[in-house]
Structures are given as C-alpha cells and as structure tokens.
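As they're listed, the protein sequences go chains E and X.
So that you can map any letter, position 43 of the first sequence is 43 in our numbering, and since no number is skipped, the others follow by simple counting.
So that you can map any letter, position 103 of the second sequence is 103 in our numbering, and since no number is skipped, the others follow by simple counting.
Derived by calculation from the structure, the hints in this document are not laboratory data.
In this text the structure is predicted, and so the values were computed from the model without any measurement.
One or more hints might be untrue.
To give an idea of the interface, some chain E residues facing chain X are shown, with a C-beta separation under 10 Å as derived from the structure [stated by the list, open to error]:
| # | residue |
| --- | --- |
| 1 | Gln101 |
| 2 | Thr120 |
| 3 | Gly169 |
Glycine is no exception: its CB is placed at the ideal position from the N, C-alpha and C atoms.
Below, each chain spelled out in residue letters.
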Amino acid sequence: MSIESATGIVKILLIILSAVFCNNVILVQFLGICPFLGVSRRVETAVGMGVAVTFVIAMASVFTWLVQKFILEQLGLEYLQTIAFILVIAALVQFVEMFLQKSSPTLYSSLGVYLPLITTNCAVLGVAIININKGYDLGTALINGVGTALGFLLAIVLLAGIRERMELGNTPKHLRGFPISLITAGLMAIAFMGFTGLITK
Amino acid sequence: MNFTDIIVPALILAAMGLIFGLALAFASKKFHVEKDPRIAQVREALPGANCGGCGFAGCDALAGAIVAGQAPVNGCTVGGAASAKKIAEIMGVDTVADEPKVAFVRCQGALGGVKLKADYSGVADCAAAADVAGGPISCRFACLGMGTCERACPFDAIKVKDGLAVVDREKCTGCGVCVSACPRGVIEMIPKKASIGVACRNTDSGKAVREICSRGCIACGICEKKCGSDAIKVEGGISKVNYENCAGCGTSVESCPTKCIVSFSKKPE
Numbered sequence: 001m002s003i004e005s006a007t008g009i010v011k012i013l014l015i016i017l018s019a020v021f022c023n024n025v026i027l028v029q030f031l032g033i034c035p036f037l038g039v040s041r042r043v044e045t046a047v048g049m050g051v052a053v054t055f056v057i058a059m060a061s062v063f064t065w066l067v068q069k070f071i072l073e074q075l076g077l078e079y080l081q082t083i084a085f086i087l088v089i090a091a092l093v094q095f096v097e098m099f100l101q102k103s104s105p106t107l108y109s110s111l112g113v114y115l116p117l118i119t120t121n122c123a124v125l126g127v128a129i130i131n132i133n134k135g136y137d138l139g140t141a142l143i144n145g146v147g148t149a150l151g152f153l154l155a156i157v158l159l160a161g162i163r164e165r166m167e168l169g170n171t172p173k174h175l176r177g178f179p180i181s182l183i184t185a186g187l188m189a190i191a192f193m194g195f196t197g198l199i200t201k
Numbered sequence: 001m002n003f004t005d006i007i008v009p010a011l012i013l014a015a016m017g018l019i020f021g022l023a024l025a026f027a028s029k030k031f032h033v034e035k036d037p038r039i040a041q042v043r044e045a046l047p048g049a050n051c052g053g054c055g056f057a058g059c060d061a062l063a064g065a066i067v068a069g070q071a072p073v074n075g076c077t078v079g080g081a082a083s084a085k086k087i088a089e090i091m092g093v094d095t096v097a098d099e100p101k102v103a104f105v106r107c108q109g110a111l112g113g114v115k116l117k118a119d120y121s122g123v124a125d126c127a128a129a130a131d132v133a134g135g136p137i138s139c140r141f142a143c144l145g146m147g148t149c150e151r152a153c154p155f156d157a158i159k160v161k162d163g164l165a166v167v168d169r170e171k172c173t174g175c176g177v178c179v180s181a182c183p184r185g186v187i188e189m190i191p192k193k194a195s196i197g198v199a200c201r202n203t204d205s206g207k208a209v210r211e212i213c214s215r216g217c218i219a220c221g222i223c224e225k226k227c228g229s230d231a232i233k234v235e236g237g238i239s240k241v242n243y244e245n246c247a248g249c250g251t252s253v254e255s256c257p258t259k260c261i262v263s264f265s266k267k268p269e
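Starting from the given sequences, assemble the full structure and let the hints guide the process.
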C-alpha cells in the first residue's frame, strides 16, 4: 500500500499504521530511548508516560508546524528550527501542566512526575522536525504526531510487560536490570523491522 | 560580515521567548491552584528516599496524605521520631514518637543445617518457591534464602549470605518493606534498642524441631529459668522476648542449648 496514492480516511489510517509499526519512533527510529528504558519497570507507569507523551506530541505537532510556517519561513529563519522548536515544546509542556492541574486534577496526579519529564523527550522534537521535513500539511502533521505517540505508547507498554515478567525470571546476575532490558529492546527492534515495506511512501 | 544577520534572528528568538514567557505567566495566574503550603513543609521534613515503606507511592504522596488527615504524622518509619516531631509541629498536633525499629530475621536454619525435603530448581524467588508445596525446606517457618527481601530493600540493608537473609543493622532504617516482601513472615520488626532476639519461629514440639534443624527453638524453657528479669518466656512452643523487661544481660543467649537466641551486641556466629 502506498500513502501517496491513498485518499481520505484510508490515507489517515495508513499514516497512523505507518507511524505506529513501520516507522515506530522508538524501535525503528530510535528516538525517545531515555523514557523508554527509564519508565518501563511497571506497566502502570508506562501507560501514564505513554498517555502524557501522546498528549504533548499531538499539541507540539500543531504548534511547531504553525511556528515553522508563520514565523520561521516568513522571515527566512529555517536554520533556527531546532532552538525555536525546543522553546515551543518547553513552553507547551509547562502550559499543559498548569492547565491539567486546574482542569483535571485526577489526570494531573496520575501523570505525576512524567509530565515535566517530557520536555526532554527527544521523540517530541523528532516528530516536529520529521513533520516539517516530509512537507506535511497541518492536519497530516497532527495525524502523524498522534500516530507516532501511539507507537511510543505501544513500545513502552510492551517493554514494561516483558520487564515485569523478567523480574521473576532466572536472569544471569550480570545481565539483570538494564543489560537484559537493552537486549530485549534490541530484539523488539528487530521484530519491528519486519514491518518495513508494509506501507510505502 | 553583516551584524544584522545575527542581531535580527536573536531579537526574534528573544521576542518569541518573551511572548511564551508572558503567556505562561498569564496562564499561571489564570490556572492558579490553591495548594496547602503545609504539603511542601511536610515534604521537607520527610527523608525523601521514596521507599514506599509507609504504604504510599512516595514521600510526596505521604506528605499529601498527612496534610489531608489520611495518614498519621508519624507515618514515616524511616524518618522516625525526628521527622514525626517536625511534622507534628507543622500540623499543630502532639505526637507519640515511635521508637526506632529494625528488621530481624527469625531463622538460622541455614546455619543449623536445616534439612531439605526437595530439590528446587524453579524461579529463584522466595514467593515462587514457597508456592511449590510450601518450599523446598522441611521447616515450614524457615528462611528460603532466595533473596526476595534483598531485592525489595530500598536501602541495601538485607543480604542473603549462604542461604540465609542477614540484616545490616547499621543500614536498616526500619521501613518494614522486607517484612511485607517475605512470603513466609520470617522477618519481624523489633525495637532497635533490643539486645537479644529469638532467631526461630518454629512452634512444633522440641523433638520435631530437633529432627530437622539444630538451631531451632525446642521450647525447653531454660532461657526462662535462667533469666532474672522475667524478660523471656516460652509461649505456645516458642521463646518470646519481652523487650520492656530485658536488661540485656545475655544469660539467655549463653544458656540456650540450640543457640537460637542471638545477641545483637556481638556478631552472631
């Protein structure tokens, strides 16, 4: 299947499937590895982190696209993309934190410490830059952002599930903790490479 | 070199930063949430190890619960009397300070050559081993020595040595995480000032204990007779120490024929 020849709802589905499986942000593009390894000890916290990232990436996709089109491109300052996007993402995360604290204290307390941590999640910056590099329009950028974030959620929850079981396993002493997690992540990445070519550009 | 090429982008970025900053300042006023200032104060008085020994997710969660009245001011066993006193001052209540406690492993089976009833080669975890026909050791009260407590301890204070969990009394903060982690209930919290402890929980008859382990309490009652201060008694097939009365003379430790009473003033053998 090809994204470019598809239209309407099929195109949306193809972009999401491509972002979740074929171009999984962690297991294929290797972005956002830090939270992937750091917050994947329990499924519960992994889901919290995944949901928070989904929220921020969706908003960041829209805002960075607007900043790129209406500020940077108008003034011919595309080379300031990275620093401008970091500024946007940091401000956005702060704002989202304040907004959630006021409007939804339950969601705020369940996301807890993960919300401010997202500022430094390079997957957010990565998606924003990929959106621009691929020349997506605003709607496509948003869909790609949500799809990528769902891919992050899927990968981190899968790893957390495996790690919870491995805790009880008979792992050799020198491999316990991070070494076996890295090996597991590598094997998951190889498995996800199998999706390559399912959807063409 | 054209300086405007540098200054203009810098000014634009500065302007963007200023706009975001102002927007955030406005948002923080608009979305301001009244928080009890005592939560931050209580959090300061807590140790901050986030061990979870109190039963809450971490020190922040306990601080919130204390201020909300859902947890006692002395809810943190790690901080002990010092932090309980500070928190009580913040909350404006009196506190009865808990005396500091320490974990104590009530078994010396591995030292006493406790008999095995089966070979176990499954998952190296006490909970899993205990699920298989009550564990591979013939004494149903014994420490299984697979280190579930060692992995649970947030302070690196309990270690399995030669098949027996050993508490490092210097490192132990008395949080009690190991007590709930142990599937057999071998670990008990005892007052830190206690000088002796009965390192066995087997309540079976003396003969039955003798058959499986040389370091078990056989409930012979010698310790009770030798003790001059009414601090140790045999009750229900096991010696029990009354820490209030114990003078720490060490007579019971020396008199115990199976050496199941241990002294904390010197290193156990």
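Status of each hint after checking the structure:
no.: 1; hint: Gln101; result: 5 Å, holds
no.: 2; hint: Thr120; result: 17 Å, violated
no.: 3; hint: Gly169; result: 7 Å, holds
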